[in-house]
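Protein sequence lines correspond, in order, to chains X and F. The opening residue of the first sequence carries number 1 in the numbering used here; numbering runs sequentially from there. The opening residue of the second sequence carries number 1 in the numbering used here; numbering runs sequentially from there.
Quick caveat, the hints were computed from the structure, so don't treat them as lab data. Each hint can be trusted.
Pairs of lysine-lysine residues, derived as BS3-like cross-links and limited to a Cα-Cα distance of at most 25 Å, are as follows: (1) 234/F <-> 311/X; (2) 78/X <-> 55/X; (3) 190/F <-> 311/X; (4) 32/X <-> 70/F; (5) 55/X <-> 225/F; (6) 26/F <-> 325/X; (7) 70/F <-> 27/X; (8) 50/X <-> 190/F; (9) 277/F <-> 234/F; (10) 105/X <-> 107/F; (11) 51/X <-> 190/F; (12) 193/F <-> 50/X; (13) 311/X <-> 277/F; (14) 51/X <-> 193/F; (15) 26/F <-> 296/X; (16) 50/X <-> 78/X; (17) 233/F <-> 311/X.
Examples of chain F residues toward chain X, derived with CB under 8 Å: (18) 28; (19) 62; (20) 82; (21) 128; (22) 179; (23) 251; (24) 273.
Predicted model, so just to flag it, every value in this text is computed and none were measured. Even glycine gets a Cβ: it sits at the ideal position worked out from N, Cα and C.
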Amino acid sequence: MAKKHHPTPNLDQLEPGPWPSFVTGLKALSNKSEMIGDLLGQLEHSYQTKKGYWKGGTISVYGYGGGVIPRFSEVADKFPASREFHTLRIMPPAGMHYNTDILRKLADIWDRHGSGLIAFHGQSGDIMFQGARSESVQPAFDEFNALGFDMGGAGPSVRTSMSCVGSARCEHSCFNEARAHREVLNNFTDDLHRPALPYKFKFKFSGCPNDCMNSIQRADMAVIGTWRDDIQIDQAKVGEFIAEKGRNYVLDNVTSRCPTRCMSLNDDDTLTVDNHNCVHCMHCINVMTKALSPGKDRGVSVLVGGKRTLKIGDLFGSVIVPFMKLENAEDYERLTELGSEIIDFWAENGLEHERCGEMIERIGLENFLEGIGIEVDPAMVSQPRTNSFVRTDMWEEEAEKWNQRHTGEASA
Amino acid sequence: MSTEARNPIESGVPDPFQYMHPVMRKNFGNWAWHDRPRPGVLRHVSHTGDQIWTVRAGTCRQMDTDTIRKLCSIADEFGDGHVRFTIRSNIEFMLADESRVAALVAKLTEEGFPVGGTGNSVSTVAHTQGWLHCDIPASDASGLVKSVMDDIFHEFTNEEMPNRVRLSTSCCQINCGGQADIAINIQHTKPPKINHDLVANVCERPSVVARCPVAAIRPALVNGKPSLEVDEKKCICCGACYPPCPPMQINDPENSKLAIWVGGKNSNARSKPAYQKLVVAGLPNNPPRWPEAVAAVRKILECYKENAHAWERMGEWIDRIGWPRFFELTGFPFTRFHIDNWRAHRHGLNTSAHIRF
Chain X
1 MAKKHHPTPN LDQLEPGPWP SFVTGLKALS NKSEMIGDLL GQLEHSYQTK
51 KGYWKGGTIS VYGYGGGVIP RFSEVADKFP ASREFHTLRI MPPAGMHYNT
101 DILRKLADIW DRHGSGLIAF HGQSGDIMFQ GARSESVQPA FDEFNALGFD
151 MGGAGPSVRT SMSCVGSARC EHSCFNEARA HREVLNNFTD DLHRPALPYK
201 FKFKFSGCPN DCMNSIQRAD MAVIGTWRDD IQIDQAKVGE FIAEKGRNYV
251 LDNVTSRCPT RCMSLNDDDT LTVDNHNCVH CMHCINVMTK ALSPGKDRGV
301 SVLVGGKRTL KIGDLFGSVI VPFMKLENAE DYERLTELGS EIIDFWAENG
351 LEHERCGEMI ERIGLENFLE GIGIEVDPAM VSQPRTNSFV RTDMWEEEAE
401 KWNQRHTGEA SA
Chain F
1 MSTEARNPIE SGVPDPFQYM HPVMRKNFGN WAWHDRPRPG VLRHVSHTGD
51 QIWTVRAGTC RQMDTDTIRK LCSIADEFGD GHVRFTIRSN IEFMLADESR
101 VAALVAKLTE EGFPVGGTGN SVSTVAHTQG WLHCDIPASD ASGLVKSVMD
151 DIFHEFTNEE MPNRVRLSTS CCQINCGGQA DIAINIQHTK PPKINHDLVA
201 NVCERPSVVA RCPVAAIRPA LVNGKPSLEV DEKKCICCGA CYPPCPPMQI
251 NDPENSKLAI WVGGKNSNAR SKPAYQKLVV AGLPNNPPRW PEAVAAVRKI
301 LECYKENAHA WERMGEWIDR IGWPRFFELT GFPFTRFHID NWRAHRHGLN
351 TSAHIRF
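The shape of chain X in the complex, shown without the other chains (with noise of 0.2 Å):
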């Protein structure tokens, strides 16, 4: 059957050029597609008016409460073939994998129930299906299921998680990045996919502390891995690098940018390191992938609250575990018992649409802290109270605390 095509002169601007082109896949799509057609059009309106024409509503499958965008067309009259475009946010495989029999049975299986079209990935890290009909929805998801895909989170619930390649390819990673992804959030499923908590809640694991899942922004608990030992050095690779790329640039270029300053070039072409004043901020290893790399003693740092601006303003994660380790089961158990406490304590503390790092901004950091059960530690802020409006009258008890800690430490 011959489609009917609307005509796009805006959207025509955004064909040529040299990046890929999304309005072209949407051509070649809407001469299978009667929806993409009609899809095309609406988009086309948006050009020219500057405006959106989709509003949401309800739509889920069986068993489950969210993980469905519907879209329903506030100008299907002109274009009705698109008068449901439903989004369906599917989990990819953590670190995002793929072989090329899985990607074509999920385009074969859009293909029969959906527009054909297919984000890879939206911004939490789903698979979005986009453009289903109501009543295709549930067919789709079937499908999909069967394959051994699950739905993603949407709406006030625990949200589809990111974590990168990590050990599967990076010699950075310090520690299983898609165990501790997979081990968290299966323990989730529920508060995945059904929403009921006060707001959103994302977890995301990055492998080292460059941190490329942006998990300090925008997760509400980040789990970055880390060591707490010393960087590995191997001195011959220091001698091969500075032969190749010159004294002057290892000390403008790796010692001098070093937050700490905890490195030195030394006369015979080595490098030393203060290591109790290295930050772990992965510089000097990023420059020198050959010579330096993470210690053996590796774990990860959890920081939590991170979220973008709405409503307080932006809040970049904090830190409420400086280390832990995660090697044994019990160490990726006690990481999800970790994520259980502090969802646990908002969904009882938190008002409707308060993000953690909102709660704990209009709490406080020690009460969410004795409200999680997790001593202060100085890593946890970049200065101590600069003003005096607190009572200290219990100072003795939270003294006695820190000393019996140490003491225990000391003797342990």
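Given the structure of chain X, go ahead and fit chain F onto it with the hints provided.
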């Protein structure tokens, strides 16, 4: 229509090992070092001596299934049939040795998938939906991204920047695109226009009142109907009320503008992660090619490329040269709107005699 309801299999996050390249599976957690033989190509070497070669290419993120099949065919014919996607919607093809890398690069280039986005290049713009699918956008991220990436294409396929550059764009002030070296975001400039006939039926009024960051919304009776009103003197035009209450239309074809922010940084390398800072607002939301926003991005990139030292990210460069010099170099006006007046705003003030002349 199916008559029997099927219970979902609550399987959660799929196991990646079943799809992973066998060399990556075999050397999981045992990688020794990497280098970048050319822009868009990574070589990782394991402690066993095994190598995995990665070729990274840009995509337009929302792809039709035939484009996905084309990428699969390329992966099968020129690679080992295993791919992954990066957080910025680049696709990566993994190969067990170098021999087929050049042919894969050539094929991707021929098929219009630019190879690059590694190291100190400008990678793909992180973005979301816009008019294509979102229910609250004032703009179209995909079109803006296409326009920007066409313009700075050379910087994606080459590694000529002082350090990596991360871009994002967002079609409303919720800012799904996130922190970036350069972020191009909608900035509304007028309070919402309220359709009082619809508010009572569509909006949960107490939630909408609670959503406002500056407490500018209050319940009111308008024409005898329960509705909401906005104290327009207090309103900061952020649009937070619009998602929970669509009759409070914030999007305005002329008055929803674009603003550009710089110096956001997620990595902990050298300096701590940093928030992006406002550089210029009031740029027209001008589809289909947004020339004013594209030109502003190019200007900032040119100044950074020319003036920053090696390894300095955008924000680190500006920290070194100071904001007066940044505004001088880029030619953007410094206005009263650049001075933060939100919570904890004094952190943004210069409380010292450190001044550059």
